[in-house]
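S.K.: Sequence:
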Amino acid sequence: MRNFLVLVFGVIMGFLLFGQRIQADEVSVASWPELVAAWNNSNVTKITLSQNIVSTSAGTNVRTASIELDGNGYGIDYNAGTDASHSFDLNNAAGIDNPVFKVHDIKLTATAGSGVEGFIYTNEASRSSNWTIDMENLSYSQGFTAGQRFMTVGGAKVKLSGNIDIQTNYENIVGAQSIDVAPNCNYYGVSNASSNSNGESSTSGAGGVSTWYMTSTAAQGNITIGQNANVTLINYRKSNIYPHIYYHFGEVLVDSGATFNLNGGSAGINWYLNDTAGHYIVKNNATMLVSSNTSGGTTPVIDYSNTTANGGNQGILVEPTGTLYVVGTQNTGVPLIQMTGYNTNQYLTLNNPKTFDINNQGAGNNAAVNLTRGTFGIKNTNVTLWDNGKNTLTSAASSAYEKVEDFSYTAANGVQSSNATLASNYKNNSTARIAGLNDPLKINVQPWASTPNTTNPLEGGGTEQNALIWDTDKVVRARVSMGQLPASGKIDPNTGGLTYQIIWAVKDQVAVDLQDSTGVADTLATDDAGYVTLNGSYFQRATSNGGDLLSFYGKYAGFEDAVTADVTDKTPPAPVTLSSSATSNAEIVGKTEAGAKVSAEVSHDGGTTWVVVSNQAVADAEGDFNIGRIAGLETGDYVRVVATDQNGNRTPDEDTTVHDAELKGATKYQIIGGLNWIDQLATVTFGSHALSSKNIDHSAAENTNSSLTVADTRGTGKSWRIVARMVNELSNGVDQLVDVITFKESGNDHLLGQQDTVIMEHETTSDENVTVNDSWNNQDTGLFINISKALNTKVGDYTGEIGWTLQDVPVN
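Using this note's numbering, you'd call the opening residue of the sequence shown number 1106 and step up by one each time.
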């Protein structure tokens, strides 16, 4: 039983131990010596990093059998040297067919080193020609200034996938028989990395090198940029004669949807020492950028001058819907593309491209293309030209040509084109920029400006472009954009992308049908800055006030665009019209726009500062308003009366100009003094009298102690009057005494009834108060009552109410 138990226990333990084993041909390493030992062991097929490791003095052997290096997200720091003894070396071996070195998910850094050897080093010959080097999700950076390559592969095939970032001072790749970039791969490769000066090239760095150095003769040196891949090669060395892809290369295929950026200190593409066909093909919807990051370049960015007579058909072909950008800022007399080599069959062909742009941004004699041999051909595209001497970045294009079926230039035949005007205007070694924009045109309604804005225009887009035109505008502008082209060839190191600028239509390129808010229609052609301009003698009508939507329609090269724009109400009410006087006690009355809100502001310091007061009113349907009397006004104060319409447009404080409209400032006046009551005879007493039939007038002057006093501080020459009327007749609660009170003035009797009776008229001669009842007496001046005039008068206490009104009246 004991032996049985031991046997079972041993079997279980054996099973558990077997589950934890790593297969003998797969090794996990945690140090450089362990990595070297695994590499040197031909039986190991996979090495996996279990942590970041640092190189030491241990050296690697040449390997002939397939191997996989899985970084597992970790990295190797080469700080003990990156000479050949630390590089991974590969060799062909009899009996081993097509070995593969698979490297993935690893971060490599070189902080110290000697020699040009890097991560992989065989040689530049073909002793690794049976190998395939397959890399995925990998980065490599060099932290010292000496020249070093990432890998020298001895004729091996190179496959790249995932996200790869390689930055070296010498080449990224040397000696590949082919390079195959997988679809959707993102490859960012830099040579002369230490020359990088904030994204600009410099004269420092390791020296003249390429980025992919195709030295192997094992095959034609073909390169494929897979579908939708994004590959950027940058060389930051100034005046570098070596192109990114150098020497023994054959077909460089930029497949559908891919982007291939070649940005260098000067040379982008050339055929220096190339004895093969060496042609570039840009497939449908693919983009190839060839650019220089050197200002004042002294060598062409694309240079055919070193093509060889026996090199085959060397050149660049852009297939239908492909895109080619060539950008550089060249020194005077240095063309962007030079086609002066020895191969009479060399070519630059753009066949129905989606877009192309050959842009020499240099000053002076800045030619896009100089051709003395071969053919520059364009088919089925729009063409735009910038003449020599123009600033191709800021100046409008010189001319544009729609749907050019055919264009070619050869030294023997000159320009031949289906468009005779283009044939006449294009100048070899002189036209500064030639571009093909085949995107849909866009009409961009522009906000008002006193002069057309050519430095920072609005590209709104969309079929509805509202809130741009105001009813204070007579001038209406729209600008027609034809597409976008690179503003420079500089690659953004963070995004790997380009900065683009809008290209606007040229003079008479596009005719735009326009109808304005008043229903006026016209057809206008673009000017030399791409604008169409309606210079009306009238203002546009706000859409909210019954104006039509503005409409614009244009068509070019089979594309059309139609947009509308509303008109915003920005016109405030006109200054209010006041019918009230400029006195401190006057109610502010006047007229303005119906429905407008009327408010007021007061200044006590001569108009320097203004205080909003609470008086407000909304004008009625006829525009009439009364905001009442403003309290606290004194002579010399200013009052400003402001109207604001229902859209929030406010009468400006002062005269001002808004776009094309000259707007008058709000109504403002100065308080010229006051006309005020000091006392209004609060109580008038006629006394007690016996009933009598006698015609006797009883004076109020005998029994009244209060006064009827007026203060007029408006200045001499002003006039006023007081009127009175019976508001309530005398009554004892049951009976009334009607028509018994009269106002006597020097013997003239005026019955005080329901209508106004003038008590006094006065022209002011001083600032002193006037007490009207000072002159009243009990004989012939003042208020009197005669009860004998009343019918059926009965005994009792009678009271009534007299209304006093002080009126500001003009001087007779």
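To be clear, the hints were calculated from the coordinates, so they are not data collected in a lab. Treat the hints with care, as some may be off.
Straight line, CA to CA, 30 Å or less: simulated BS3-like cross-link-like pairs of lysine-lysine [as the list claims (entries may be wrong)]:
hint, residue 1, residue 2
1, K1484, K1508
2, K1151, K1207
3, K1547, K1675
4, K1702, K1769
5, K1547, K1508
6, K1799, K1769
7, K1579, K1773
S.K.: If a hint holds in the structure, say so; if it does not, say that too.
M.R.: Hints and how they fare:
1. Taking the CA atoms of K1484 and K1508, the gap is about 9 Å. The hint holds against a cut of 30 Å.
2. A distance of roughly 9 Å separates the Cα atoms of K1151 and K1207; the hinted pair therefore holds under the 30 Å criterion.
3. At most 30 Å may separate the alpha-carbon atoms for a hinted pair to count; K1547 and K1675 meet this at roughly 27 Å.
4. About 18 Å separates the Cα atoms of K1702 and K1769, which keeps this hinted pair within 30 Å; it holds.
5. Of the pairs offered as hints, the one joining K1547 and K1508 holds, with about 17 Å between alpha carbons and a cut-off of 30 Å not exceeded.
6. Distance hint between K1799 and K1769 is unfulfilled; the C-alpha atoms sit about 69 Å from each other, more than 30 Å.
7. For the proposed pair K1579 and K1773, the alpha carbon gap of about 29 Å is at most 30 Å, so the pair holds.
The structure fails to meet hint 6 from the earlier list, while all remaining hints are met.
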